[in-house]
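Residue numbers for the sequence shown follow the numbering used here, so the first one is 78 and each next one is one higher.
No wet-lab data here; the hints were simulated from the structure.
Computed from a predicted model, the values in this text were never measured in an experiment.
None of the hints are false.
Calculated lysine-lysine pairs in the DSS-like style (CA-CA distance at most 25 Å, straight line):
{"id": "1", "residue 1": "Lys470", "residue 2": "Lys496"}
{"id": "2", "residue 1": "Lys725", "residue 2": "Lys563"}
{"id": "3", "residue 1": "Lys725", "residue 2": "Lys709"}
{"id": "4", "residue 1": "Lys573", "residue 2": "Lys725"}
{"id": "5", "residue 1": "Lys699", "residue 2": "Lys666"}
{"id": "6", "residue 1": "Lys470", "residue 2": "Lys409"}
{"id": "7", "residue 1": "Lys563", "residue 2": "Lys619"}
{"id": "8", "residue 1": "Lys666", "residue 2": "Lys725"}
{"id": "9", "residue 1": "Lys619", "residue 2": "Lys573"}
{"id": "10", "residue 1": "Lys666", "residue 2": "Lys709"}
{"id": "11", "residue 1": "Lys573", "residue 2": "Lys709"}
{"id": "12", "residue 1": "Lys699", "residue 2": "Lys709"}
{"id": "13", "residue 1": "Lys573", "residue 2": "Lys563"}
{"id": "14", "residue 1": "Lys409", "residue 2": "Lys355"}
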Amino acid sequence: MTAPVHVTPQTDDGVVARVICCEPDRCEVEVRIPIGRHFQRMVSGREKELVLASRSRIARVGIDVTPTSAIAIERGTAHFAARLEIAIPGYGVGKYLHDAVVPGLRIGRLVFCPEERRLDSRAILAALGDGALQLPTAYSIDERGRFTIRTHRRVYELTRPLTRDDVLTILASAEGRSVLNRMQVARDVENVVMEPGQGVITSCSMFLHRHYVVLDREPGQLGKHLQAIVLDPVRTRGTRVFLEFTNCSQETIVNPSVSARIYEAQAIEPSVRAFPIKLPPSTPAEVRPHATFAATLALFDRLQTAGRGYFDRFVAVIDDWDAIARGEGPQKIWHSPNGNGDRIEKLRATRDYSHDPLPIFGTSVLAELPAGAQSTVLLGFFPNLIEHVELCKAAMDRRIARIVFRRASFEHGPFLSAKDQARLADYAALGVEVFWCNEDWGHLAVHTFRGLRGYFLEPHVEARFQNALIIAIYGSARPLTDVDDKKLRELLTGLKGLFGDNLAILTGGGPGAMQQASVIAHDLDLLVGANYIETVDQATNKDADFYQCFQDSSRHNRQRWFEIASFQIFCTGGLGTLEEVGMTMTDMKLGVIEMSPVVFFGQHGDDPYWEPLRRQFRVMVKDRRAPDWLDKHVMMTDDPHAVPPFYKRILELG
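Generate coordinates for the entire structure from the input sequences, incorporating the hints supplied.
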């Protein structure tokens, strides 16, 4: 059974429809938000239970959004008046406010907060006990089920003053959030202090898996929170849950806090992407994934009559799957038995075509398809450059909707190049589904993105993959001892107890410690992921539920795919593991990944296996060659029961 997806009941983002008037430090605007039919039916007669949640990036540059009229819903659109004003003057955005607040600026969304789905104090305690959510340390819960968020002793400051272009990029560009993340850095403080009329950006730690949180907006004795008041399930996980406060009083406020309510998120049965090949209606549901793979593989075998040699860049176009089921041929089929010439060099995937005539490949037939055909393209190999360009042109006219390839590479087997990874991103951007008829793994896998990184997996696993909290586990291709294997099992069992059932691990997909971690995870009913690398010194295991494959030339590019993990555990390992330690710590230092507790797990004699590295870390910190957290956020142990409390302490969880 497919796991449900937990979502906040909300609209899409609305925009500034009209700027009514502007003053030096504020703008009055009209906001319009599109309302879907299902959402409109759900909230009909309950409009008072709607709240506006402004976009986080707006609040994080010190701009507050306040509705100044009631929300009216007419003909599928909500509209209301709002005021945008500078709430944190120290960020210096005020002088650019008029340039940024223009028609089309995305403001935020409406969120439905039904009282019957709000958790009372007993329900919150039960959810905490089940690992369904984790709240900040030192929380308190009142008789109405409101809990108090006490912030980190940390403020976020800009590395330099924002320019007009910075502000416009942050507020209007798709890359604005990553730009802001690079420019807004944390500084630990003894106390978070707000002077009268000033504001501050701070944070807390929280993990929401099946709930959403709504912060109270009303100003209190400990500050007023800006309008970014909704924290969503799955997206709210980690130590960098931003909180934005302003001081509306005439007195100094020290260590602001905010109360909040917790709601059950909507549990939605996700749609499972289905491949359109026809199966007998009597095929049982539990065998349909394998039956779909077998039928697709048989179709490739039937159509690839010229064999699967290097020169055969097989292409077939299908738009009538009933005809295929009757044994008829595809709409178009293309073979290149002569290989566009007499030399293999002319077909090399990385070839420079700048000086020679462009070869002709089978994807040229896509130009003959009518616009809007939404056809499926079968490919013998993952697309090369020329094929990729022609596929993208066809996708822009909606002539194709789906790509299915059989082999990743002739030279590299199942491993993809860095250019191939970029091409997969292009297909996703153009709305083209990509399937892999993967004979090595024996299944039909679909490509899906989580954030910026794409993975292959069976369609029924996709929703669970998107929701899982992922822990990266690094280690040697040599196996762990029986004692260490048992301790790793106890460690993962403890982390499952802390964070709940929807946990996954991510390894390098090799033998030894990686294989053992995968077996343990499956025994605990956890998802297993792998970033496979083409290498001569270790075989790949086939235990992964989601995976990506990298050619040997993409070793460092592969590390980017570990970014989807929230935590890192380094088991006993060798040079490869040591290299991954360096890349992970550097990524944390540069803000590429969130700073989180790092565990080095394993024993050597009477000391932790990585003890010499800890001594080196301390030297680096003492000599100011590394940040202080390199010492504070690292644990080296072989005690599995010490790790969950360490996580809670570093994450500042209650």
